[in-house]
Amino acid sequence: MRRVLLCCNLFWILFALITCIEAYRLKLGAVTKPGSGFFPFSAGLVMLVLALVALMQLTRQEKKEGESAGREEVRWWNIMIILAAVGAYAFTLETIGFLINTFLFVTLLLKVIEPQSWKASLLGGVIAAVAANVLFNVIFKAQIPSGILGF
Amino acid sequence: MEILNQLLFGFSVALQPMNLIYCFFGVLVGTLIGVLPGVGPAAALSLLLPVTFHVPPVSTIILLAGITYGAMYGGSTTSILVNIPGEAASVVTCLDGYQMARKGRAGPALGIAAFGSFIAGTITVFILVFLAPTLANAALKFGPPEYFTLMVLGLSIMVYLARGSIINALIMVCFGLILGTIGLDPMVGVPRFVYRMNTLMDGVGLVQVVIGLFGVSEVLINVERSFKQEEIFETKIKGLLPNREDWRRSIGPIGRGSILGFFLGIIPGMSVVIPTFVSYVIEKKLSKHPEKFGTGMIEGVAGPEAANNAASTGTLVPMLSLGIPTGASTALLLGALMIHGIRPGPLLIQDAPEIFWGVVASLYVGNVMLLVLNLPLIGLWVKILKIPYHFLFSLILLLCIVGSYITNNNPYDVIIMVVFGLVGYLMKKFDYEAAPLVLALVLGPMMETALRRSLVISDGGFAIFFTRPISASFLIVALLVLLSPLVLRKKRLREELRAAE
Amino acid sequence: MHKKSGTAIRVVVFVALLSLLWVSGSQAQEYPKGPVQIVIPFAPGGSTDIFWRGISEHMAKSVGGQIALVNKAGGGGILGTSFVVNAKPDGYTLLSANSDPLNIAPLFTPDAPYDAEKDVTFIAKLAVFPFAITVRADAPFKTLEDLVAYAKANPKKLKSAVAGVGTTPHMINEMFNRDAKVEITPVPFAGGGECVPALLGGHVDMTVLSIAPVKAQVLSGKVRVLALFSPTRFRDFPQIPTVAEKGYKTSNIATGIGIGGPKGLPPAIVKKWEDAAAKTMKEPKVIEIVDKLEGLIIDFKNGEGYRKEVLTDLATFKPIVPTLTGKK
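Residue numbers (my numbering), protein chains in the order written: chain B, 29 to 179; chain X, 1383 to 1883; chain H, 575 to 902.
Source of the hints: derived by calculation from the structure; they are not laboratory data.
Just so you know, these numbers come straight off a predicted model, no measurement behind them.
Ideal placement from N, C-alpha and C gives every residue a C-beta, glycine not left out.
Hints may contain errors.
Stated by the list, open to error - PhoX-like, lysine-lysine: derived pairs with alpha carbons at most 20 Å apart:
no., chain 1, residue 1, chain 2, residue 2
1, X, Lys1523, H, Lys733
2, X, Lys1523, X, Lys1670
3, X, Lys1523, X, Lys1667
4, X, Lys1523, H, Lys730
5, B, Lys61, H, Lys882
6, B, Lys61, H, Lys796
Stated by the list, open to error - Where chain B lies over chain X, by a calculated footprint (3+ residues, C-beta under 8 Å):
no., stretch
7, 1487-1500
8, 1550-1562
9, 1793-1802
Unchecked claim - Sample of chain X residues lacking proximity to chain B, with all beta carbon distances greater than 10 Å (derived):
no., residue
10, Leu1397
11, Pro1399
12, Met1400
13, Thr1516
14, Val1541
15, Trp1629
16, Lys1674
17, Leu1755
18, Ile1766
19, His1772
20, Arg1834
21, Leu1837
Extracted from the complex, chain B is given alone in its bound form (with noise of 0.2 Å):
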């Protein structure tokens, strides 16, 4: 857990370091007449310390004994899909279309994510993309789109 809260304050003071070059570039201006570059420079800039004394405080705390807390297995499988499915989902909802958009995604974590049967995966999917498309398309109008097919 240790390493891992390094790597996580190493990565602030990347990612604050990024931001005061990329505002640098954007001008500072002075600071009676700030620029666009000042105020993220300056949010950067105290992220940086910030980071820093976060890196000191943990590299002197003792390594605590049996630190692996409750190592159940963590399924990062399941959380890469999840987000890829909706990444997915994203990109083909105006080509394909809400409803049957929907379906597939809806099948598909039905059946990946905490598997249940093929019967009733599908028929999960139909009910919330019928439900879903009466409800935001019918009743809130909210045009979502059609895609191809037409629906």
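Add chains X and H to chain B, keeping to what the hints say.
Then chains X and H, alone, in the frame of chain B:
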């Protein structure tokens, strides 16, 4: 009692059967739309604006007021049930509301949100009636220097928001401030940190960030290990409405939240988000168990919800008494009124008293309608939580996606939500809190703009912040807020030393 | 197991067949066959948005179809405009073509995603937003001449709240400075709605903004409009001159609202909309609505006319922008 007569007259208009129906319809639609994350009152109003063209003026206002309140309340529903803020103002409700839901206390949470909103609405409508013009004129004294110092004060109280490591919370604040600068520079118009990604030109998008940080990350956290239904939502539902204990604890926060929310809401251009954060922090500070905030303390729901509703009423003050729109929802209300030939402003009370008082009365009726509509629905909402999580979570994600997409029909907004979902998940695992980030994201741009405008007005002099009375007082309070922990610590040290002797 | 998956497959097939029926059924009418998306590149609640919501019903009738208004806000109008520019030129995605995102905002962005000259089909101009130079009622300036005289004597002293960055008020403030040879310092605010409290509260000396947010104040006597940036005098304030009348012709520019589309739109579709727009803007009901909206003047031009106007202004604005971005 001239005013009382006028008010009764207003009620006689508002309580006509047709208007009651309009009110109900408005609240209903508003609530439904508000439940959808990412769609706030402004979007709801704009969808229904064309409908109002065929409706008489007072009824239009009643309809629109109903929608506004409904949307405000609807936002809290998803915050409590599934940790998805319906709009940015509901973020704070997530903090404790959702935890209450997990413990089987979704009913009381939803109930106190409804009642809190109602009470706040009632109190503030009355203040509005008596003090609107005075308040509006006082609010005009707020110029860029006052905004800046107020924001500084706002950030300083953030120190009390943090539950865990203060340094981590401060890093989150910086992160939020930096994220807030993404987009077009508000003073010059050139893009900052946009890197040719057009979606970012208006900033990262508060709605998408918030839905990702809260809603999506919560799903991810629950799903990372194999889960049982009971681990996520306590299966035994403990009551549908707040019990006496809940009320005892909530009445103070509701009162404070109402006053706080209203007076902050009056300030033109004030975001409704800020009063909710301030209320939360105040309740935390006043509580006997501040460390329990974030685990399901009802005060953390009652106060902010009251503040939320009160602030919405507050934003109507400049609109009604000066005719100035101070935000998207008030601008739409103003537009709707104008199309009907009503011109809010200093002359409204004189020229068209039946409109003004009809509006006021309808605000109140809208509040009542909200309660009437939503309390019975609580039973329904609570049942939703019983849906097996392996199905529910995909529905939650769907809601998140639609919510992010729908503001601008832009798929890249959904991607932003995904990114922040991941960020939120990682933050949860490594003990970084989301609330300071959100507050900074909202405050940052306002603060920067106010600072730069002030400096243009003062031709570069910093004295302007100290010579203006309101601005100076904010700075003093901010200083006190920041120094008080040190003072308290010294006191405690001294006491410990004394005890040790 | 096979039986169960059989049902699911059947459901999917059924739904797919339904869709084919739906699609083929709508082949019957001619353009527009379905709702036409008009993209408003600003957030709901803005003047442009309310304008469209007010007239869309009438416009839809004139063109013989349905209109679906969609908001795509961002980047001062650039986001929504670029969306339409990249859409298929089939006539189902059109743009509320405001002049700002076409001839001002892109000048502030180094990598503007489109070029108003090459990428946009101009269909028609519908109306303009005139802008008003407004001061408080208790200010010592009773006429525009007073203001200019004071400004000449006190360079950089006057602070003017301008509505927006990368917008017409932002531009014309600078252009007026050049026209009148004065130095009025602009203080950008997010929109007219924010300028009014700034003026009323005494935080700035004057403001350049659209009429709608300020009309109530004018009528109640709290503020005074000295002059308008507008093609003609405003119907409700016939006594207020335009800056052109006062001799400042170059800066007399107002924001236009129109209809546009991606390049390559079939001329037949363009003509259809042009005619529909001309018809709509003459309807008494529409004139009434625009009047009530307070702050818009109907100013119909056909596609070619609008195009010329926008591009001329673009050429005028180009050399001014570096002053605005560099100075700050």
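Verification of the supplied hints:
1. For a cut-off of 20 Å, the pair hint linking Lys1523/X to Lys733/H stands: about 17 Å separates their Cα positions.
2. Between Lys1523/X and Lys1670/X the CA atoms are separated by roughly 37 Å; this puts the pair beyond 20 Å, and the hint is violated.
3. Under the criterion of a C-alpha separation no larger than 20 Å, the hint pairing Lys1523/X with Lys1667/X is inconsistent with the structure, at around 29 Å.
4. A threshold of 20 Å between alpha carbons decides the hint, and for Lys1523/X with Lys730/H the separation of about 23 Å lies outside it, so the pair is violated.
5. Under the criterion of a C-alpha separation no larger than 20 Å, the hint pairing Lys61/B with Lys882/H is inconsistent with the structure, at around 39 Å.
6. A hinted pair counts as satisfied when its Cα atoms are at most 20 Å apart, and Lys61/B with Lys796/H does not qualify at roughly 32 Å.
7. Counting residues of the stretch 1487-1500 of chain X whose CB lies closer than 8 Å to any CB of chain B gives 0, so the stated coverage by that chain is violated, three being the minimum.
8. Counting residues of the stretch 1550-1562 of chain X whose C-beta sits closer than 8 Å to any C-beta of chain B gives 7, which meets the bar of three, so the coverage hint holds.
9. Restraint check on the stretch 1793-1802 of chain X versus chain B: 6 residues with Cβ-Cβ distances below 8 Å, three needed, restraint holds.
10. Taking the minimum C-beta to C-beta distance to chain B, about 28 Å, the non-interface status of Leu1397/X holds against the 10 Å cut.
11. Every CB of chain B is more than 10 Å from the CB of Pro1399/X (nearest about 25 Å), matching its label as outside the interface.
12. With a least beta-carbon separation of about 23 Å from chain B, Met1400/X lies farther than 10 Å from that chain, consistent with its non-interface assignment.
13. Distance to chain B confirms Thr1516/X as a non-interface residue, since its nearest Cβ pair spans about 35 Å, more than 10 Å.
14. With a closest Cβ-Cβ approach of about 13 Å to chain B, Val1541/X is found to remain outside the 10 Å limit, as its non-interface label requires.
15. No Cβ of chain B approaches the Cβ of Trp1629/X within 10 Å, the least distance being about 34 Å, so the stated non-interface status holds.
16. Distance to chain B confirms Lys1674/X as a non-interface residue, since its nearest Cβ pair spans about 22 Å, more than 10 Å.
17. Annotated as non-interface, Leu1755/X keeps its C-beta farther than 10 Å from every C-beta of chain B; the closest such distance is 16 Å.
18. No Cβ of chain B comes within 10 Å of the Cβ of Ile1766/X; the nearest lies about 12 Å off, and the non-interface call holds.
19. The beta carbon of His1772/X sits about 4 Å from the closest Cβ of chain B, which is not more than 10 Å, so the claim that it is off the interface is violated.
20. Separation of Arg1834/X from chain B is inadequate, the least Cβ-Cβ distance of about 6 Å not exceeding the 10 Å criterion.
21. With a least beta-carbon separation of about 6 Å from chain B, Leu1837/X fails to lie farther than 10 Å from that chain, contradicting its non-interface assignment.
Hint check: violations occur at hints 2, 3, 4, 5, 6, 7, 19, 20, 21; the rest are consistent with the structure.
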